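Produce the entire structure from the sequences given, and follow the hints as far as they go.
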Amino acid sequence: MPGTVTLDRREGPYGEVVLRRRDEHFEIIANGTFLMDTSDGRSERLLVDAARAALPERRRSGASVLVGGLGVGFSLAHAAADPRWGRITAVEREEAVIDWHRHGPLAAISGAALADSRTVILHTDLVAHLRTSSATYDALCLDIDNGPDWTVTEDNESLYGAEGLAACAARLNPGGVLAVWSARPSADFEGSLRNAGFSGVRTEEIPVARGVPDAVHLGIRPE
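At position 193 of the sequence shown (counting the first as 1) the number is 193 in the numbering used here, and the numbers step up by one without a gap.
Read the hints as simulated data drawn from the structure, not as lab findings. Nothing here was measured: the structure is a model prediction, and the numbers come from that model. In this text, a Cβ means the ideal position worked out from N, Cα and C, and glycines have one as well. Take these hints with a grain of salt, some might be off.
Pair ranges (Cβ atoms, derived) [unchecked claim]:
#1 E223 x F34: 33 to 41 angstroms
#2 N195 x S117: 34 to 42 angstroms
#3 D40 x G12: 38 to 46 angstroms
#4 T124 x R84: 23 to 31 angstroms
#5 E57 x L7: 24 to 32 angstroms
#6 G191 x R10: 22 to 30 angstroms
#7 S117 x R194: 20 to 28 angstroms
#8 V212 x T132: 32 to 40 angstroms
#9 E223 x G15: 22 to 30 angstroms
#10 S199 x S117: 14 to 22 angstroms
Structure representation (structure tokens):
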């Protein structure tokens, strides 16, 4: 493809992941499916800002946040750039993606965040971490797929159902916020959040140049 260069291609436990450069932007491809690129980043930053804004005002300073899916690093970098966040944990299952941030071209986006003393990177599967960890957070900012209606791997589908949402609630402190990125708004997922006991369910949208808007779905674990 003209203007596109493959920078790294690896076969991992969940399939192939590829880092490409298209003109001045970087792209991540998983099993042939486009995941994200560095051309915008507004919705990834909204994921973090909307989660913090939904917290009770008394807890917006020093709150702990889990960023699920390192991606191109926009969400992590945005969280670390805000001194009001406390503990920042990023969970990424693909070793290649972590390497691209620590030693590769994506370090230009996330280098300062990875060097921040508040930041911890966990190399593990997000779904497994949510189900087995005893850690709790004030906010979960999850972006591991193209959204609840378009998962990249079958294992991730369970995250958006009753069991997965129960695991999310268990990892949240009372009053904590679940924020989920999606490539399109999902009324069905809003219903799933309500059925799982989340309150204050709503969706914020970011218009895109073509097609349906990106979305951030929000729900609050009751206090």
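(request) Using the beta carbons of S199 and S117, state whether their distance is inside 14 to 22 angstroms or not. (result) violated, 34 angstroms
(message) I want to verify a distance hint. Is the separation of the beta carbons of T124 and R84 within 23 to 31 angstroms?
(response) Holds, at about 27 angstroms.
(request) With 38 to 46 angstroms as the target window, see if D40 and G12 comply at their CB atoms. (result) Roughly 26 angstroms apart at Cβ, these two residues miss the hinted range, so it is violated.
(message) A range of 32 to 40 angstroms was offered for this pair. Does it hold for the Cβ distance of V212 and T132?
(response) Between V212 and T132, where Cβ atoms are some 35 angstroms apart, the hint holds.
(message) Tell me if the beta carbons of E57 and L7 are separated by a distance inside 24 to 32 angstroms.
(response) violated, 43 angstroms
(message) Looking only at beta-carbon atoms, does the pair E223, F34 fall within the given range of 33 to 41 angstroms?
(response) Holds: the Cβ-Cβ distance is about 39 angstroms, inside 33 to 41 angstroms.
(request) Determine whether the Cβ-Cβ distance between S117 and R194 falls within the hinted range of 20 to 28 angstroms. (result) violated, 38 angstroms
(request) Indicate whether the distance between the beta carbons of G191 and R10 respects the range 22 to 30 angstroms. (result) violated, 37 angstroms
(request) Using the Cβ atoms, figure out if N195 sits within 34 to 42 angstroms of S117. (result) holds, 39 angstroms
(request) Could you tell me whether the CB distance from E223 to G15 stays inside 22 to 30 angstroms? (result) violated, 40 angstroms
The structure fails hints 3, 5, 6, 7, 9, 10 (numbered hints given earlier, in ascending order).
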